[in-house]
Amino acid sequence: MASDRPNRLFRNLTAKIAAIPMILTAVCVFLGGTVWTVVYSFTNSKLLPRANFVGLDQYERLWGTHRWIVSIENLLIYGICSMVLSLIIGFVLAALMDQKIRFENTFRTIILYPFALSFIVTGLVWQWLLNPDLGLQSVVRSAGWVSFSFDPLYNADIVIFGVLIAGIWQGSGLIMVLMLAGLRGIDDSIWKAARVDGIPLWKTYIFIVIPMMRPVFITTLVLITSGIVRLYDLIVAQTSGGPGIASEVPAKYVYDYMFQGQNLGQGFAASTMMLLAVLIVIIPWAYLEFGGKKRG
Amino acid sequence: MTSVSIRDLSLKFGSLEVLKSLNIDIDEGEFLVLLGPSGCGKSTLLNCIAGLLDISGGQIFIGGNNVTWSEPSERGIGMVFQSYALYPQMSVEGNLAFGLKNARMPKPEIAKRIARAAEVLQIEPLLKRKPAQLSGGQRQRVAIGRALVRDVDVFLFDEPLSNLDAKLRAELRVEIKRLHQRLKNTMIYVTHDQIEALTLADRIAIMRNGIIQQLASPNEIYNRPVNLYVAGFMGSPGMNFITGEISGAGGSTFGFGDTQIPLERYPFDREDRPSKAVFGIRPEHISCGTAASAEPFSIDVEIEVVEPMGADTLVWALLQGKEFRFRVDGQSDLRAGETVRVGFDPARASIFDAATELRL
Amino acid sequence: MANPTTLAVTAAATDAASVKLSGPQGRKPRRRFSRSNIFIYGTLILVAVYYLLPLYVMIVTSLKGMPEIRLGNIFAPPVEITFEPWVKAWATACTGLNCDGLSRGFWNSVRITVPSVVFSIAIASVNGYALANWRFKGADFFFTVLIFGAFIPYQVMLYPIVILLRELGLYGSLWGLVLVHTIFGMPILTLLFRNYFTSVPEELFKAARVDGAGFWGIYFKIMLPMSLPIFVVAMIIQITGIWNDFLFGVVYTKPDVYPMTVQLNNIVNSVQGVKEYNVNMAATIITGLVPLFIYFVSGKLFVRGIAAGAVKG
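As they're listed, the protein sequences go chains A, B and C. In terms of our numbering, the first sequence opens at residue 242 and continues consecutively. In terms of our numbering, the second sequence opens at residue 3 and continues consecutively. In terms of our numbering, the third sequence opens at residue 23 and continues consecutively.
Hints in this document: simulated from the structure, not taken from any laboratory. Using N, Cα and C, we set each Cβ at its ideal position, and we do this for glycine too. One should not assume that every hint holds.
[As the list claims (entries may be wrong)] Stretch by stretch, here's where chain A covers chain B in the computed footprint (C-beta under 8 Å, at least three residues):
| no. | segment |
| --- | --- |
| 1 | 101-108 |
| 2 | 262-269 |
| 3 | 274-280 |
[As the list claims (entries may be wrong)] Computed beta-carbon distance windows for the label pairs:
| no. | chain 1 | residue 1 | chain 2 | residue 2 | range |
| --- | --- | --- | --- | --- | --- |
| 4 | B | K109 | A | P441 | 18 to 26 Å |
| 5 | C | L93 | A | R343 | 32 to 40 Å |
| 6 | C | P223 | A | G426 | 19 to 27 Å |
| 7 | B | S58 | C | I60 | 19 to 27 Å |
[What the hints assert, rightly or not] Here are the simulated EDC-like cross-link-like pairs (lysine to aspartate or glutamate), alpha carbons at most 20 Å apart as the crow flies:
| no. | chain 1 | residue 1 | chain 2 | residue 2 |
| --- | --- | --- | --- | --- |
| 8 | C | K297 | A | D374 |
| 9 | C | K243 | C | E224 |
| 10 | B | K132 | A | D428 |
| 11 | A | K444 | B | E73 |
| 12 | C | K322 | A | D339 |
| 13 | A | K444 | B | E95 |
| 14 | C | K50 | B | E73 |
| 15 | A | K287 | A | E301 |
| 16 | C | K50 | B | E126 |
| 17 | C | K50 | B | E19 |
| 18 | B | K132 | B | E95 |
| 19 | A | K433 | B | E73 |
| 20 | C | K276 | A | D497 |
| 21 | A | K257 | C | D162 |
| 22 | B | K103 | B | D153 |
| 23 | C | K322 | A | E345 |
| 24 | A | K433 | B | E76 |
| 25 | C | K50 | B | D10 |
| 26 | B | K278 | B | E359 |
| 27 | A | K433 | B | E161 |
| 28 | A | K433 | B | D56 |
| 29 | A | K433 | B | E359 |
| 30 | A | K444 | B | E76 |
| 31 | C | K297 | A | D392 |
| 32 | A | K341 | B | D56 |
| 33 | B | K109 | B | E126 |
| 34 | A | K433 | B | D153 |
| 35 | C | K50 | B | D56 |
Next up, chain A with everything else stripped away, as it sits in the complex (with noise of 0.2 Å):
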């Protein structure tokens, strides 16, 4: 059995050679970085990377920026927006869809098209659509309404729901199909029970089958808490940050104090309380999830 030993240790060494670049990429990247940042963080790097240990002077500083807490409030408000409308937007469509209707496939494909769009694209269509001399508003304007003001993006009070809307027909689609999936996997008899015992559809929907779908609305409530903090393509597209302000997120002040503002120290900070938002979120929903099958 002694030249066992060597043959098996050769063929898992292949898989460990193969496996490299996912070790490297995880190890290096993923961990080394991320914490590289933080770490960077404490420092007062400016142009470029400095070793200068500042403990928390950067926090202070980016707390006391009033367009960092711009940011977060439109990542807050957006956030809290786009999981309730979209979550409810998807799952009532979702509903409609699994009515056995014709045109499924049209529809489906219809509401989920913009998925498959660029957040730029995005961003800019609705740049164009919410154009207050030539876009909706005119055109309502010139229908006889003449008072009618829909005028989101030069607003600082509410252009963040300006973003809103160019987000919400932007990720509903995915939504859908989640919940789709997820109210096909409801066994058959139980609609035929409820019906039985005559329940309306109504409250088949919200006291039987939504309690049974949790698992599919936890996940998806996950997906887009991660989506969300990302925000940063469609803020550059459509509003570029404004007016002034307005419209700035987390990532974008992350961006502009790293590349465009020699502020290494601050982009740092930022992320790295991004990085936070997301944990916060994403570890009890791992430990719930995995519990303690993890460690193998």
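The hints should help you fit chains B and C onto chain A, whose structure is shown.
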């Protein structure tokens, strides 16, 4: 007044006719079993009676009311599904109460009904548990309970025991029978399992391709099947079939090969005596050895295979080269290759017209 | 001759008097335009309008001349169709110092996407295969880290990668961006392939081992040929994701190798002179054409792809 009546019920899916002009009258308190292979339409028929499927033609009456266009919940029926379909997020109590709460029943009434159902089905200790914490048999009882609390006249069962293992199936089968004896409600039960049908039913409707082949008591179906299909379907192992010819005055003999079976004792249902016929006799109606000679007809057969099955032994023999099965006591010591005498009484046989497949 | 089946029916019918009782019979009348139908289809049609409107506006705007656009009704179809905005967008639009239109960005994107897709899929499929069939110590741990990497906001890793690329001499070049896309494509794709290969019956794998095939032998002779669908799904995910990317494009490239999305943004949002909306919209459509084409052609596979990419772990 009949409890459930179906008149000329037919169902089409597109151009495919799935149920063909069915007529059934079910008495109050009767236990009717719809029996047949997959695809025969039995579950479809049940769903039509329940109101879950819209029919294409005919009428349905429950408790004297024309319910052809009524919603399932308005028909006075309760239904138990193969997968039980218990609402997973609610407790047993919640499952039982949900339909009642929806009907705005006062709380004391709901509590009373749940208590009564729990007592009948012996699920009192389970009321606070969730379906995931129950065994298959317990879930089934809760599913029945859900119909029970609504105080319905007719219970519909859609293959409720098919998901259970053999032992549990046998236990719960008896429970359902006990339940029927206690509650005395009309029950319509769909299954593909002959044993369930024979043990539970007051009457069985054997279905094939959307048509009822025979609707009669288990005894009748077993001993006097109305056509070749029913005869071959019931019984395990199935009936022996011998093709041959009827001849003689008034059809006095059945001949096959160079053998003649006298038919004076056979109770003909029909007048006509076609020449070509199929003679059927069940393995369990055949005697062997010395007892065989005492029968009105006996013949020698050559044993091919002997299958000892504990209580009895199944013998596969050759009768003029064709397969012929019969049962003997488990203690007998017949061997393959032996020639043995078997006999039977033609009165217990079933003879069918070879062309129309109907019983003569 | 009597039909056995109908005879069976009449034989089987018990005390069924063929007296037809009164009342409703046959099919329940269903109005075509019932309340629920109107609600369902009505809502879906309204929703469809919401989704189709921007596409319609994009196309229509791109086919109009500027004077017509200035009239103000973006929903009106073009009175006079002109393809000039398209030509302009493609060949002469200006980004910064270059005025050779989107064609530059298009070819850049092609040159970025093709190698990225090839490399990321090649590596990830081997990774997934190794994880699914050849378990070794620590594999699960590294995989977990990889998956976490898919959730972490990219911003945290932006600068370290800049340093990495600078060290490799790739910063600002096409190949640097290719490397970045390959790296970030790995989590989802590895998961995709791993899940797929896990579902391949292990007997196949064992039989091949018994026949003497090794790691690479099994991969090329057995796994690859039977995983064509999943490769297509992976390609769809990658092509769409990489083509539509903006962040990595804008961070890791210099202006003359900008991918299409970055160039598009510059063309439209650069505040120089009069805004040519029709050219902008034409440029937008051209940028969206490739992923849209893939979407419409791939149908169900696209759905499968995003479901797979979306369901992590």
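Each hint tested on the structure:
no.	hint	in the structure
1	101-108	holds (count 3)
2	262-269	violated (count 0)
3	274-280	violated (count 0)
4	K109/B x P441/A: 18 to 26 Å	21 Å, holds
5	L93/C x R343/A: 32 to 40 Å	39 Å, holds
6	P223/C x G426/A: 19 to 27 Å	24 Å, holds
7	S58/B x I60/C: 19 to 27 Å	25 Å, holds
8	K297/C x D374/A	13 Å, holds
9	K243/C x E224/C	15 Å, holds
10	K132/B x D428/A	18 Å, holds
11	K444/A x E73/B	16 Å, holds
12	K322/C x D339/A	16 Å, holds
13	K444/A x E95/B	18 Å, holds
14	K50/C x E73/B	11 Å, holds
15	K287/A x E301/A	16 Å, holds
16	K50/C x E126/B	41 Å, violated
17	K50/C x E19/B	17 Å, holds
18	K132/B x E95/B	9 Å, holds
19	K433/A x E73/B	11 Å, holds
20	K276/C x D497/A	16 Å, holds
21	K257/A x D162/C	12 Å, holds
22	K103/B x D153/B	14 Å, holds
23	K322/C x E345/A	12 Å, holds
24	K433/A x E76/B	14 Å, holds
25	K50/C x D10/B	15 Å, holds
26	K278/B x E359/B	10 Å, holds
27	K433/A x E161/B	15 Å, holds
28	K433/A x D56/B	14 Å, holds
29	K433/A x E359/B	39 Å, violated
30	K444/A x E76/B	17 Å, holds
31	K297/C x D392/A	19 Å, holds
32	K341/A x D56/B	15 Å, holds
33	K109/B x E126/B	18 Å, holds
34	K433/A x D153/B	18 Å, holds
35	K50/C x D56/B	7 Å, holds
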